[in-house]
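Asks: Taken in order, these protein sequences are the chains called A and B.
Take the first sequence: its position 75, counting from 1, is numbered 75 in my numbering, and each next residue is one higher.
Take the second sequence: its position 312, counting from 1, is numbered 312 in my numbering, and each next residue is one higher.
FYI, nobody ran anything at the bench for these hints, they're computed from the structure.
Incorrect hints may appear among the rest.
Identical copies go unnamed one by one, so any copy, or any two together, can satisfy a pair.
Said to hold, decoys possible - Listed next, the in silico DSSO-like pairs over lysine-lysine satisfying Cα-Cα at most 27 Å (straight line):
1) 47 with 147
2) 147 with 297
3) 78 with 297
4) 78 with 327
5) 22 with 147
6) 374 with 244
7) 119 with 294
Small disclaimer: the values here were computed from a predicted structure and weren't measured.
There are 2 protein chains.
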Amino acid sequence: MYRLICQRGHARRGEFDTPHGKVQTPVFMNVGTQGAIKGALSARDLKEIGCQIELSNTYHLHVRPGDRLIRDMGGLHKFMTWNGPILTDSGGFQVFSLAELRRIREEGVSFHSHIDGAKIFMGPEESMRIQSNLGSDIAMAFDECVKIPSPYDYVRRSCERTTRWLIRCRDALEEFNSEPDAVNPGQMLWGINQGAVFHDLRIAHMQEIAALDLPGYAIGGLAVGESHQEMYDTIEAVEAYMPKDKPRYLMGVGTPGNILESVARGVDFFDCVMPARNGRHGHLFTWGGIINIKNEKYARDEQPIDPACNCPVCRRYSRAYLRHLFKAEEMLAMRLAVGHNLYFYNSLMQKIRDALDDGRFDSFRRDYTEILDKRV
Amino acid sequence: MYRLICQRGHARRGEFDTPHGKVQTPVFMNVGTQGAIKGALSARDLKEIGCQIELSNTYHLHVRPGDRLIRDMGGLHKFMTWNGPILTDSGGFQVFSLAELRRIREEGVSFHSHIDGAKIFMGPEESMRIQSNLGSDIAMAFDECVKIPSPYDYVRRSCERTTRWLIRCRDALEEFNSEPDAVNPGQMLWGINQGAVFHDLRIAHMQEIAALDLPGYAIGGLAVGESHQEMYDTIEAVEAYMPKDKPRYLMGVGTPGNILESVARGVDFFDCVMPARNGRHGHLFTWGGIINIKNEKYARDEQPIDPACNCPVCRRYSRAYLRHLFKAEEMLAMRLAVGHNLYFYNSLMQKIRDALDDGRFDSFRRDYTEILDKRV
């Protein structure tokens, strides 16, 4: 499924097959939490901004509108009219970050919905059932995302349970995929590595889950409060133990600089709410750093957001107009800003792939890692 | 400038020239108050939903971002990237409905901005200066929009002042158009008929302003609280005194039924915030009546909003998905709903024009006037 096209240091240029088409890696997954991109972007816009693969959230869609409903509507691809690859997370992260009155047992987690307080139970089988109903191409394992810092012993026991849960996920999805009315019988399961910033736990857990020979592996539980350096060190520690012939996904990361540094450490897949969230606040990524379009200095600026950008927004609108839309609180402001930022992220990944193909990734990384994260 | 193609009873099928292209009438003007359509629609979307002419608001754009700024950016067409015809209202309606601490004198009106409380003076010359800076194709006269009911004597004196203001508008715009750096030297002025629901005042005022031989005339001050029947009666009373060779614009009207009934009474131009506003609340126009997409019964409905509609939203999305977007409070909900509703309005006007062309307007009106306004 994963084909390594070339490797530069630890950085990898590859290609990955899904039931809804190939993905060129390294890749950024555009986040459509509830089956829609925040900021009023449509599935058609996703094509225009160069999105290869979309990510939706199991927990959110389970709570609303319900995964059974989406299954009855033909699955998430049809429901949201996106015919490219979709990855769904397992709900684990939301259960541990959003839900209230959580109680963890071996079977799974009991919690209350953040929408209406309704009591929900989710374990490996429930998460797989939901993801099977959604019919995504890549289902993520149900895991415990421990907070950082957490005591060593707690993290160790949690990793052991996450491994036991992974085996149950695998067995459950195998069963659901074999059902005659499976929405997407080619749906695959990726495992998630945990272990906080304890390198020995990360490595031991990675070795255990790698032995299951799943089609992909994620590094989870990072970007939750530790320093960037701790995150990079953890990736470096665990990367050597990740299968070379499987894609690696760093969950929830990150800034353009984070992505460049993580690609350099062997990561292939990324996702992050940052480009959409920052866009909604008028913080726009450019090849010269991050600008705040609400700044007075753009009031009469006839240039596009980024003269070096070829996105549909930069091809058409001025900074002055975009600033006006933000000041006037027009919804169009957010749509244009999010569209630009996501195009920027997808285009960053394209440039990373080109640099890897052409053997100039090191200089590309050197030129851009710092500047892209800088507020100017 | 206005060419009457055919007339059926009082209903007129025509064509009107502007510096940014021809408009086929009867026509609905899509409202972009602050230089953007509410609901995150872009100028490109306007083309897709069949918009012939866009309407923006002098008062709002004067307050923010400022008409001087828009002039410096090349005018409103360039600023918002819409190259079709634009009509700007005069600010009069907003001054009399939104602004605080208003004081009317012969020179004009002093008031406080609804944004920051700043003191503003606007008279005929100021309104024309602003509209000249915006560079719209059609500038509306600065008038007093009297509330209904108002005492007869007040309305009479107000109409007389509105006539005096109209003459000052005409002289001012003539001067501004002759400036070498005029944004849109072909900008034209339309007069506005007032008189509340007093037919004799309406007629006398219409006769006075018709004598000025302006390129178009509006009926203002209706749809402000009087009954539909009073509105229709007033149109009927004044219509006979409106020049046959000029377009007639009924300001701020209305429902699909209102539009059909007003076309039947000789009106050519319409504008209304209703399709965009209702859309943002999930009230969607269809050829079978108005539906509330948030209704539970649409939760699993795979049909488009209106199976008889050919808009980009109906061609792609299900009611179930749209309902989900509304329940999940996704911004995309509003964009799709507003896009559909505006397409519906533009398409209603197209069908009205076709019916006039084909000599079957009476039956079209009979079939649709009631049903289109009905909640189903």
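Asks: How would you classify residue 78 and residue 327 at a CA-CA limit of 27 Å: within, between, both, or neither?
Replies: between (36 Å within a copy, 19 Å between copies)
Asks: Is it within, between, both or neither when you check residue 47 against residue 147 at 27 Å Cα-Cα?
Replies: neither (35 Å within a copy, 50 Å between copies)
Asks: Evaluate residue 22 and residue 147 at a C-alpha cut-off of 27 Å and name the case that applies: within, between, both or neither.
Replies: Close neither inside one copy (34 Å) nor across copies (63 Å); limit 27 Å.
Asks: My question is about residue 119 and residue 294: at a cut-off of 27 Å on alpha-carbon distance, are they close within one copy, between copies, both, or neither?
Replies: Answer is between: at 24 Å across copies they meet the 27 Å cutoff, but 42 Å inside does not.
Asks: Treating 27 Å as the Cα threshold, decide for residue 374 and residue 244: within, between, both or neither.
Replies: neither (33 Å within a copy, 63 Å between copies)
Asks: How would you label the pair residue 78, residue 297 (within, between, both, or neither) given a Cα cut-off of 27 Å?
Replies: between (44 Å within a copy, 20 Å between copies)
Asks: Classify it for me, residue 147 with residue 297: is the Cα-Cα distance of at most 27 Å met within a copy, between copies, both or neither?
Replies: Neither: 41 Å inside a copy, 42 Å across copies.
Hint violations for this structure: numbers 1, 2, 5, 6, all remaining hints satisfied.
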